[in-house]
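Those sequence lines, one after another, are chains A and B.
Taking the working numbering, the leading residue of the first sequence gets 1, the next gets one more, and so forth.
Taking the working numbering, the leading residue of the second sequence gets 1, the next gets one more, and so forth.
It is worth saying that the hints were derived from the structure and are not from the lab.
Computed from a predicted model, the values in this text were never measured in an experiment.
Ideal Cβ placement from N, Cα and C applies to all residues, glycine included.
Where hints are given, some of them may not hold.
Derived pair list, reagent style DSBU-like, types lysine-lysine, alpha-carbon separation capped at 30 Å [what the hints assert, rightly or not]:
no.: 1; chain 1: A; residue 1: K137; chain 2: B; residue 2: K188
no.: 2; chain 1: B; residue 1: K256; chain 2: A; residue 2: K137
no.: 3; chain 1: B; residue 1: K109; chain 2: A; residue 2: K137
no.: 4; chain 1: B; residue 1: K188; chain 2: B; residue 2: K109
no.: 5; chain 1: B; residue 1: K71; chain 2: B; residue 2: K109
no.: 6; chain 1: B; residue 1: K71; chain 2: B; residue 2: K256
Over 10 Å on every C-beta distance to chain A, these chain B residues come out as not near it, computed from the model [as the list claims (entries may be wrong)]:
no.: 7; residue: G58
no.: 8; residue: Y133
no.: 9; residue: E136
no.: 10; residue: D177
no.: 11; residue: R184
no.: 12; residue: P314
no.: 13; residue: L343
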Amino acid sequence: MVLPGSILAQVDQPLIRWPWIGDHLALIGAALLQHLMLTFIAVGIGFALSMVMAVIAIRFHVSYAPINAVTGVMYAIPSLALFILLTPITGLTTLTAEIALISYTLQILFRSIVAGIDGVPAPVVESARGMGFTPSKRFLRIELPLALPVIISGLRIATVTTVGLVPIAGLLGRDQGGLGQLIFDGLNRFFNTPLLLGAVLTVALAVTLDLTLVGLQRVLTPWTRRGAAAA
Amino acid sequence: MIRLEHVSKTFPGTSAPAVGDLSLEVDEGEIAVFIGPSGCGKSTTLRMINRLIDPTSGTITVGGRDVMDVKPHGLRLGIGYVIQQVGLFPHRTIAQNIATVPELIGWPKARTAEQVSRLMEMVGLDTELARRYPSELSGGQQQRVGVARALAADPPVLLMDEPFGAVDPIVRARLQDELIDLQRRLCKTIVFVTHDIDEAIRLADRMAVLNVGGVVEQYGTPVDVLAQPANPFVEEFLGSERGLKRLSLIDVRGTKLDPGPVVGSDTTMDVARQVMQASATDWVAVVDDGHLRGWVEASYLQGPDRVGDVEVRPFLVTLRPDSSLREALDTLVASPTRVAVVLDEHDRYQGVLDVGRIGGELE
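Please model the entire structure based on the sequences and the hints provided.
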C-alpha cells in the first residue's frame, strides 16, 4: 500500500494510537476475516476457472492463444477502471469486487497450470500412456502431481497479488475491501492509526499466505527434495 | 502370439510411409528383435502393437485378438512396456512405480505388495530401495525398476523399445544377461527394438532386419541371418566380423571336441612320447581320474621318471560347455599350446579345441 508522506506529515498526531486498536479489535478482526475470505474466494474460483481453461488449452492446442490473450487483457485492465466498469451492472457489491479480483488471477494461474503440465517429461507421459492409463487418470495421477511445483508458484503470485488488490475494493463502500476498510477510514479522517494498521496487516497477511503455500508445496511434493541419483 | 499382416503407417503430412507393408509373426515365448537403421520404422511398428500409434492399414492381432477391437488403455494394461528413457514416475516411490498396473486393474493391496517385493528381488533390486524415489537411483537400477514395473501384472507380452540404450556398456551387458535369465523363467513373448547388432544377436530368438520404410529384409534366427544374409543390405548391416558374431552364438557343448594327447601321472615317458607323436603335438595333458592336472612340454618327457614326476604346468584358462566358440577362440589365441581345454561343470576333462575345429563350425 502506498502511504503518501504528505498525508501523514500534515496531521498533528502520534503515528499510532494504541488505545484505538484495543477499542476496535472486533472491527479489525472482521476486516481481516473479510480480507481473507475475499482472497480465498477469488483465488479459489480463479483457480477452478483456470484449471478448466488449462484442460481445454491442453486438449485443444489451438485454444491456448485466444485464452491467453483474453486473460492477458483482463490482467492489463487497471483495477479501479474495472470496478467502475462493473458497477453499473453488478452494483456496489462483493460480487463486483470478486469479479475484478478473480479476473486478475486468471492469467497467472492459467499460464502456470499449462506450463506445469507441459513441463512433465515426455518419457513419463509416454510410459504412462503405454502402461494403460486413461487420459483422465493420467492427468490426475501423473501430470497434475508433477506440475504441482509450477502450479503452486503460480498460486503464490496470484494469492499475494490478490491480497494486495482487495483493499482497493474498499472504494465500493464502507463495508467492502477487507483491511481496505481500515485504510480508507484512515485516509478519509486523516487518522494514521487505522491507515497504518490496515497497511501493515495487509502485508503481514500476504507474507503469511505465501509462506503457507511454500509449506504446502513442501508437504505435497516430497520427491523434489530427495537427493540426486546415486552412482 | 503377435501377428502383423500387411501393416502400414503413414503419418499425417508425410508422403512416404514410415512403415510400408509389413507382415511378420512372433511366436509365444520367443524374443523377437527388430533391428535396423534409424528411420526404418522399428519403433513405429512396436508402438502399433499396443496402439500408441494406430496403423493406417493392415491388421495386428495379439493373442488372436485384433488390437483395433480393444480399447487402447485396456489393451495396454495387458502388455508390458519398457522404453529407453525408462519414464519412471518421479513423484512415486519405487514400490509405487512397480505397483502401477496392479493398482490400475484393482488388485487387492496385499497381493500388490507381495508382487512388488517378489519382482524387486527377481530383477535384482535391494528391497531397501522400495521407499526411495526414482531420482535417488542409478541409471541401471532405474531400468531394472522399469522392467519390474512392466512385468508387474504378469502380462504375457512385453514390448521393449531400446530399453538398454541409455546405460553404459558394462551395465547394458549385465541387464542383457538378466533379461535372458528372466526370460528363461518367465517365458514371455517379447518384442525388443534395438539398433545395436550385438544386442540383437545376444537376445534374439528371431531377429527382423528392417530397412527404411519398414521393409523386412530378413527375419530369422541370428545364426541363420549371420550365416546367410538375405541380401547386401543385411550383410552390410551385420557389419564386419560376421563369422565371429556367429561364433558367439555357438556353444562349446555343441562342438565335437578333440580328445587331445592325454596321459595319466603314472604314465611312463616312453608311452607319453608315443601319445604325443600320435596327435602331432609337442605337449601332453596330464589327467588323473578325469581331473586335469596340467600339461607337460615335450622336452621334459625324457628319462626314467613317470610323467607326474616332472613339472606339470597348469592351463591358465579353461572353457566350460556353455562358453561360446568366440570365447574359445579368444582363449586359444592366448594359449601357449594353441589349444583350449574344455572342462565340464564338475571340472572333469572333456577334450580340447583348436582353431581348425572352430573354423569347421562356420562351414
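Against the structure, the hints:
Restraint check for A/K137 and B/K188: the C-alpha separation of about 28 Å stays at or below 30 Å, so the hint holds. A threshold of 30 Å between alpha carbons decides the hint, and for B/K256 with A/K137 the separation of about 59 Å lies outside it, so the pair is violated. Distance restraint check for B/K109 and A/K137: the Cα-Cα separation of roughly 19 Å lies within the 30 Å cut-off, and the hinted pair is therefore satisfied. A hinted pair counts as satisfied when its Cα atoms are at most 30 Å apart, and B/K188 with B/K109 qualifies at roughly 25 Å.
About 26 Å separates the Cα atoms of B/K71 and B/K109, which keeps this hinted pair within 30 Å; it holds. With a C-alpha separation of about 54 Å, the suggested pairing of B/K71 with B/K256 is violated against the 30 Å cut-off. Consistency note on B/G58: stated as away from chain A, and its beta-carbon is indeed over 10 Å from all of that chain's, at 21 Å minimum. Not every C-beta of chain A lies more than 10 Å from that of B/Y133, the closest at about 4 Å, which undercuts listing it as non-interface.
Some Cβ of chain A comes within 10 Å of the Cβ of B/E136; the nearest lies about 5 Å off, and the non-interface call is violated. No Cβ of chain A comes within 10 Å of the Cβ of B/D177; the nearest lies about 21 Å off, and the non-interface call holds. Distance to chain A confirms B/R184 as a non-interface residue, since its nearest Cβ pair spans about 25 Å, more than 10 Å. Consistency note on B/P314: stated as away from chain A, and its beta-carbon is indeed over 10 Å from all of that chain's, at 38 Å minimum.
Consistency note on B/L343: stated as away from chain A, and its beta-carbon is indeed over 10 Å from all of that chain's, at 37 Å minimum.
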